[in-house]
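Q: Chains as they are written, first to last, in my numbering: chain A, 1 to 464; chain B, 1 to 464; chain C, 1 to 464; chain D, 1 to 464.
None of the hints are false.
Copies of the same chain are indistinguishable here, so a pair counts whether it falls within one copy or spans any two.
With a cut-off of at most 25 Å between alpha-carbon atoms, the simulated PhoX-like pairs for lysine-lysine come out as follows:
#1 K378 - K423
#2 K153 - K126
#3 K383 - K197
#4 K197 - K378
#5 K119 - K178
#6 K383 - K353
#7 K153 - K244
#8 K126 - K161
#9 K438 - K284
#10 K178 - K161
#11 K353 - K197
#12 K178 - K126
Hints in this document: simulated from the structure, not taken from any laboratory.
Protein chains: 4
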Amino acid sequence: MKTDKLKEECAVFGLSLTTDEAAGITYNGLLSLQHRGQEGAGIAVSNSRSIICRKDAGLVNEVFGEGGLINLPKGQTAVGHTRYSTTGNSSKENVGPFVTEYLTGRIATAHNGNITNSKQLRDELKEHGIHFNATSDSEVVSSLIAYHITMEKSSIQGVIKASNLLRGAFSLVIATSKNKLIAVRDPNGFRPLCIGKSAIGYAISSESCALDTCGFEFVRDILPGEIVVIRNGEIILEGVKLEKKEENKGLCIFEYVYFARPDSVIDGLSVYNARFNMGVELAKEHPVKADVVCGVLDSGLEAAFGYSAQSGIPLVQGFVKNRYIGRSFIYPTQTQRDSAVLLKLNPLAASIKGKRIVLVDDSIVRGTTSEKIVRSLKNAGAKEVHMMISSPPFRFTCHYGTDIDCEENLIANRMSHDEICRKIGADSLGYISLDGLKTACSECALPFCTTCFTGYDKECHYGQ
Amino acid sequence: MKTDKLKEECAVFGLSLTTDEAAGITYNGLLSLQHRGQEGAGIAVSNSRSIICRKDAGLVNEVFGEGGLINLPKGQTAVGHTRYSTTGNSSKENVGPFVTEYLTGRIATAHNGNITNSKQLRDELKEHGIHFNATSDSEVVSSLIAYHITMEKSSIQGVIKASNLLRGAFSLVIATSKNKLIAVRDPNGFRPLCIGKSAIGYAISSESCALDTCGFEFVRDILPGEIVVIRNGEIILEGVKLEKKEENKGLCIFEYVYFARPDSVIDGLSVYNARFNMGVELAKEHPVKADVVCGVLDSGLEAAFGYSAQSGIPLVQGFVKNRYIGRSFIYPTQTQRDSAVLLKLNPLAASIKGKRIVLVDDSIVRGTTSEKIVRSLKNAGAKEVHMMISSPPFRFTCHYGTDIDCEENLIANRMSHDEICRKIGADSLGYISLDGLKTACSECALPFCTTCFTGYDKECHYGQ
Amino acid sequence: MKTDKLKEECAVFGLSLTTDEAAGITYNGLLSLQHRGQEGAGIAVSNSRSIICRKDAGLVNEVFGEGGLINLPKGQTAVGHTRYSTTGNSSKENVGPFVTEYLTGRIATAHNGNITNSKQLRDELKEHGIHFNATSDSEVVSSLIAYHITMEKSSIQGVIKASNLLRGAFSLVIATSKNKLIAVRDPNGFRPLCIGKSAIGYAISSESCALDTCGFEFVRDILPGEIVVIRNGEIILEGVKLEKKEENKGLCIFEYVYFARPDSVIDGLSVYNARFNMGVELAKEHPVKADVVCGVLDSGLEAAFGYSAQSGIPLVQGFVKNRYIGRSFIYPTQTQRDSAVLLKLNPLAASIKGKRIVLVDDSIVRGTTSEKIVRSLKNAGAKEVHMMISSPPFRFTCHYGTDIDCEENLIANRMSHDEICRKIGADSLGYISLDGLKTACSECALPFCTTCFTGYDKECHYGQ
Amino acid sequence: MKTDKLKEECAVFGLSLTTDEAAGITYNGLLSLQHRGQEGAGIAVSNSRSIICRKDAGLVNEVFGEGGLINLPKGQTAVGHTRYSTTGNSSKENVGPFVTEYLTGRIATAHNGNITNSKQLRDELKEHGIHFNATSDSEVVSSLIAYHITMEKSSIQGVIKASNLLRGAFSLVIATSKNKLIAVRDPNGFRPLCIGKSAIGYAISSESCALDTCGFEFVRDILPGEIVVIRNGEIILEGVKLEKKEENKGLCIFEYVYFARPDSVIDGLSVYNARFNMGVELAKEHPVKADVVCGVLDSGLEAAFGYSAQSGIPLVQGFVKNRYIGRSFIYPTQTQRDSAVLLKLNPLAASIKGKRIVLVDDSIVRGTTSEKIVRSLKNAGAKEVHMMISSPPFRFTCHYGTDIDCEENLIANRMSHDEICRKIGADSLGYISLDGLKTACSECALPFCTTCFTGYDKECHYGQ
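Let's have the full structure, built from the sequences with the hints guiding it.
A: Here it is in structure tokens:
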């Protein structure tokens, strides 16, 4: 079911340790990356001879919990995956990691991103007689790697050869049955990937927050196009780069706007600081006379801090979020249109009654949720609601892994600025400018992909 | 398993409507009261001839979800219950509501509180040949009421007679098979209870937040010792008071400190405002030189706003809370003592590194969690951590429904102020004074029970 | 859903041991009594101070399995119950045993049978202010006993007093928190109940088969109207009889025809022998020219042995039963009307093709199943099918615990003998005569209740 | 956990219909083949464009039940699989059917048997860069077929090419995304496979019993080495034979002794008749003076009929089988060694007490179960027990799919005839001779594989 929110595709996590508790720590790592994918989870453990994988649909703790880990072996090397969306026929089949046995061993591959030439690669592999069991990009990636490892007679060379054939977004973590842990980030660096270190070895993670929570110290981001190989807790190769970069893109700027956890640091920029800065820029670009600033929980909170700091308008807690709702069924009452929104996010009348409010959120997709939230504030006594959005109008679908609505449903494609403002019932509406957003993120070491705001250049459509 | 947190016992919710969707709206109501009890949930629906009840161990959505409601009939009158702790042998048996069939009908009783003379009442009932199936106070309450309804030949008189025999804390919501909804609050008013109204009838709720989210407008609090009777969506009796009040107590002040949701208004005082004021008082009583203020999520957040406002020290987001952890199993790593705390609450280095921090929390029970949180801030780069607690030292167990640790485990009973400060690793420690706390809550219409801070007078021990 | 089969209500089992493994052995006992009730199961264990009970809807192994027993304490005294039908609103609530706490202790009561004056007893108890939580007879029985134990100040005297007030069918096993195990059988002896002994104590069971499988030697049947009390593995009272017997009935003859397991011995007569004899009588009353005899699995098998032995017509295996079907969903194909029957019971063409068959079954209720079975034999090549039924035509509903269809649906009430024969497609149809059935069961020590064949005398309707 | 019974590996079932209800009827077919594999089940449906597969560990009704079928599409072509044992690391991964996507389509392959050269084939495929996800033979089979379909550019030619490379036992049913249903039986015909027809199309089944229960008329057995192709409910190819047959084997004779359901007809011989004849031969080879004959339920029943018919000793029902035990946990009592056996199979004292018994069973593996059964008969009063076994001594493990114990555990390898007789406590012991067994099965159209009795010729070890 399409909701009124953007979805990220996946998170990846990998460990190469000198001890044998890779499975359990990978489980903890995935718990901290659960925000990047709630529909499936898997862990594969290499115990130096073979690779055992367990994966299923569901949240990380539903798939593994205490009992689930029992079925995983002790081992020094592991990769984990959480998956959001269900491309393909069967969600279960497309959850990673994918384990592939080739001539001289096995690999387990976890993939975050979207391959734009996967159909072509799939067909080329099929012409060699290679077959597929599932329908996801990730299976193509793992097959391609296994194929080239067999051909190159070297796992590292095979990964390099295969990665050079991939187009689009990919952050990969691969465990081999020979205890190698291989990390690859595509030449654009669309999706984040970083390295952490502790006394017992190295971790690779989509976001640095999982390094913190698992006791690893952040070492550095993996560079766009870089391959890093770790074995038995030691880095044995780094700095090797993939050959080419056809797309002229960069890090997906929505990682800062919405996807990543605020306690992560990505490519040199704290996500928290980036969002705070977006609030600062918003306040500069869209100053309003108001009594209080509040953020839509949880995604608008950090930008609200920034707006408040820049504008001097005090920050208040505007809502109480029900911590227990999650994916609960909500009974649809006949007497109240907005029960689902209120059950999740109830306005805090004590702090907003009679007030002119600056309400900060990260984005507007279809506009239906924004409309309900503004109405709930007004019903609770807000005098004015000025909606501030920490991203530019969202108008284009994404080829690189963000699962958004079809373009016709995007409100920014169907309505003018003023129409949107009226539709959501706000007294004014301000989007951050693309320049403002880039300024907020200027400490990032990479250029950005901002295709969802600006549209595609012709040359990047080759793979679809 | 004892955790390092206080537990509330229960929430109650009831509806008397002119339409027949009482079950579904009660379900939504319980979702909004889930914070008061996560171990069991039940709903009983009266369809004017009989009462059907479904209840089980688990969260509200686990017990009912979409499928579970199917088993409940259409009906205008319903009561619901969420339960926290598992006094008695079997958690399932002690989940409410309790349905009791007596001579001329059936009642379903939902109870929040703790009866101090339940053993005596239980024995007196047994002498009449009455027997019991479960071990909870709530079964005694429902039996006592059923017995006196039979004797008095009137459901209202029976409830009054029975309620006058009860000692301790009780907020009751009772549905009868004759479509009456009866609400009773004990003469001290230990636990909150309020009335809401909408176009389709009346709701009774432990907290006003559930009125908001279910589309009912707050009407008023039920007064201490008051009985209110509603039938077919109309109030048919109110203002009747129970006879006596042996304890000289009042509303449990911990409702403001910790139990209630900040968007509830209890006895005239917004919980949000109460907590904000506690922060203000803390800043007055314990001013410190610091760079930032932050609250422990979620319970210290509102007081942190107050501390910041009073002190002028800017508020920052000091932690990121993992929204998915809940009751998940966390793998115990050998290499890091604090993984469970970090997985739940990761310090946000970007906002606290190198800073002198005022850290605001609601209470310290055993001290183990506070110690881990302070350490995690220091590890993340905090220069100083000044711990501010928005309640006085917690030293006495409670007879009225708060499930706290035995007194020997309460750190405030075992250590001096300075010892606690050193134990938790803080640079300074400030508890709000009892006077400060009362000042913060001075707009409440009732006196307070503060026994957990001050200890028991002799006269209130009669029932135990 | 009504099926085309009779249903029994319950089985009871109890233990008084000198060791503390009563729970586990009661579980095994219930496994052997599962044929008497598949909708719910429960076990209550007395550990000399209290009684702990676990029960739920489902098969015995679904409710307890390996994990379920963990929640039951060690104890010397236990009672167990399996339940078939779901009278009352909620199947879960009406599963036994019922645990009741009265003035000086607790009892757990397991009940097999049907109380004909339960409404009257329920109302009388309610007039004393006693209330009820569930809707089953069994709760009335346990309440009545608890009430009279309180009044009599003696568990044994209370049980006698209460049992003397009960009318209808009841085989009771009661555990007290003082480690007494009390067995009661109604004065008519409608339902079986027997005692077994081993080195570690005594067992009470609905059927002797559970004594065999649990390692207890059969001692004797409990006599109609008798009360037996066992404590700590020793009989402390036996031979005490209830006062009166208003109904002039006896053992339900359907225990021999269908309900009991063939390896049980009830009131002096082996169920296997009784059924074998029924086949012998059928052969005498309805001799036919045929090539083979076969029984409908499993309920007609023993009578088929008897028919074959008497007639000299060889017995063959006429069907193969699918051991895995149980309560499985069967896909309803459009192309074949009888798929469900064939999936459960496939004719064995090798043994019946071209043969004139005597087909023996225990009873015909609606006739729909018989029709399908006869048709499946004919489709598989049977030349003639002569249907022999080891009970007289079934025409009256039962007040004593057999859950049969309403009388209008009983085929023997709607059609003549010849019409039934044509309807089910048989070449001839023979029912055993009531005299023949009694002859087959003549070794039974008790008179019989044959009301379902002969109808009710006026005097026995008093309780309904 | 190793039990004291032989295990079969799998069953296969396939449909090619002119209607679209292939999924539901395949489900019914698998229910009737459940005896050939209880550890996993799967169904794949081709809807002429794609193939959708659902499979999981568990019984057929656990995997699919009513809800599970909802996830399968309508379609005319389907294949199903039940699996017994768990070779490989993960039972789930190795359940069939296997779906494989190749250059121009998809196939779903269900496999019954054991490939003796699978490691070699696997390695050859890997050298082409082909990789594997699971560890079972069945994945190798499906990969090999997909590879050769790609190479041959024809699904039929590809299946033939691939099948000619396979060694060992294989009965295959393959669905293609072009609506072809292809059946292959290995040149030895180790495992059965037959064709049925109805008004709506054709079915392929491991055993004919599933044809009966699904409403298909038996047409014929698929010949050893034959390939049959059906499309849209019409046979489009039959009689094509695989090239070679290196092993000089035939149908596994244990299909008649134990594996198949007695209502199946395999290669011209009714399984019921085969077993009956085994009993006849046993009575000829091992006449004893006895009062009654009884079979061990269920596997010795048919041979007991034959022994009784030949010897004139009357057949009795010697045991009552608990229909509800299945895989239930049984509480291990300290006081009785044989509780598990008695709970499953209780001697029927009424028919065996004081009797000299001929007890017929299909085989003795470790001897532990036989010992318990003989003891239980003696404890129940049997005077003598003469054990008759309808297969020769079992002494060799099997390369073709029968999952038996290691040879050291086979009692026939460790003890002499007399020692076995003493060990199991029988008064005499008779095994059928291999010639007797072959005589009993002489109507079978195929030669037999009797390797488990006679051992391996050297030449058949090439593949291991």
